[in-house]
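Generate the whole structure from the sequences, applying the supplied hints.
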Amino acid sequence: GDSVTQMEGPVTLSEEAFLTINCTYTATGYPSLFWYVQYPGEGLQLLLKATKADDKGSNKGFEATYRKETTSFHLEKGSVQVSDSAVYFCALSDTGGSYIPTFGRGTSLIVHP
Amino acid sequence: ETGVTQSPTHLIKTRGQQVTLRCSSQSGHNTVSWYQQALGQGPQFIFQYYREEENGRGNFPPRFSGLQFPNYSSELNVNALELDDSALYLCASSWTSEAGDTQYFGPGTRLTVL
Chain A
1 GDSVTQMEGP VTLSEEAFLT INCTYTATGY PSLFWYVQYP GEGLQLLLKA
51 TKADDKGSNK GFEATYRKET TSFHLEKGSV QVSDSAVYFC ALSDTGGSYI
101 PTFGRGTSLI VHP
Chain B
114 ETGVTQSPTH LIKTRGQQVT LRCSSQSGHN TVSWYQQALG QGPQFIFQYY
164 REEENGRGNF PPRFSGLQFP NYSSELNVNA LELDDSALYL CASSWTSEAG
214 DTQYFGPGTR LTVL
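Line by line, the protein sequences give chains A and B.
The first sequence begins at 1 in this note's numbering and counts up by one.
The second sequence begins at 114 in this note's numbering and counts up by one.
Treat the hints with care, as some may be off.
Computed spacing ranges between beta-carbons, pair by pair [to be verified]:
no., chain 1, residue 1, chain 2, residue 2, range
1, B, N192, A, P10, 32 to 38 Å
2, A, A17, B, Q154, 25 to 31 Å
3, A, T71, B, N168, 24 to 30 Å
4, A, E63, B, Q130, 45 to 51 Å
Partner residues aside, some chain A positions facing chain B, computed with beta carbon under 7 Å [stated by the list, open to error]:
no., residue
5, Y39
6, P40
7, E42
8, G43
9, L44
10, L46
11, R67
12, F89
13, I100
14, G104
15, G106
If you're looking for bench data, these hints aren't it; they were derived computationally from the structure.
Since we're looking at a predicted model, the values are computed, not measured.
Glycine residues also receive a C-beta, built at the ideal position from the N, C-alpha and C atoms.
Shown next as structure tokens:
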């Protein structure tokens, strides 16, 4: 079945550091890929998405590129801020299979001033 | 344009009881999905409703049921509550049921089963 694997957290960085959160997936069809962010006590917010291979999603300085050859969708940001502290979820929705959305377990990011 | 809202915010029930959670979709959205998020985990898909019909279901028992109303608001009902049902329940709406469509999440209902 479909699955998403994220790097375990917490990821702890100083402000202005470079961020990478790894995400790999398995899917039977041609999935759309997503990154969501969850701030404490809140629901999930879509951060960015990509719907086909080699697409790059970007938003608020975050980027992720859909790599079909490595089945990956790693999240990057060049310079993190304290306000980026949150839990980040990688997810897929498989157009060729059951389409049921599948989420990773989440990666907590803590940014220190 | 109002976002997705859920009620109540928090709820405490005892084992064996029944609970109903409510969700108002974002204006214009005809699809709503429900998720269960246990502490420290990612959301697990419960089911999806599209134009008042169940459109897909995850690996949850039949005591988890739902409804979608003509105005596209939705309910999640859980019967015979178990301790493991304690979780954050998230509702998400979208314009369509297409796999690549963006889902907009509500803030969730925190259910505690004692």
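Against the structure, the hints:
1. B:N192 / A:P10: 32 to 38 Å: Given range 32 to 38 Å: holds, Cβ gap about 37 Å.
2. A:A17 / B:Q154: 25 to 31 Å: Check passed, 27 Å falls within 25 to 31 Å.
3. A:T71 / B:N168: 24 to 30 Å: For A:T71 and B:N168 the Cβ distance comes to about 27 Å; the hint holds.
4. A:E63 / B:Q130: 45 to 51 Å: holds (46 Å)
5. Y39: violated (10 Å)
6. P40: This hint is violated: A:P40 lies away from chain B, its Cβ roughly 12 Å from the closest one there, beyond 7 Å.
7. E42: holds (6 Å)
8. G43: holds (4 Å)
9. L44: holds (4 Å)
10. L46: Since chain B brings a Cβ to about 5 Å from A:L46, closer than 7 Å, the hint holds.
11. R67: With a minimum Cβ separation of about 17 Å from chain B (threshold 7 Å), the hint on A:R67 is violated.
12. F89: Holds - the Cβ of A:F89 comes within 7 Å of chain B, reaching about 5 Å at its closest.
13. I100: holds (5 Å)
14. G104: Nearest chain B Cβ about 5 Å off; hint holds.
15. G106: holds (5 Å)
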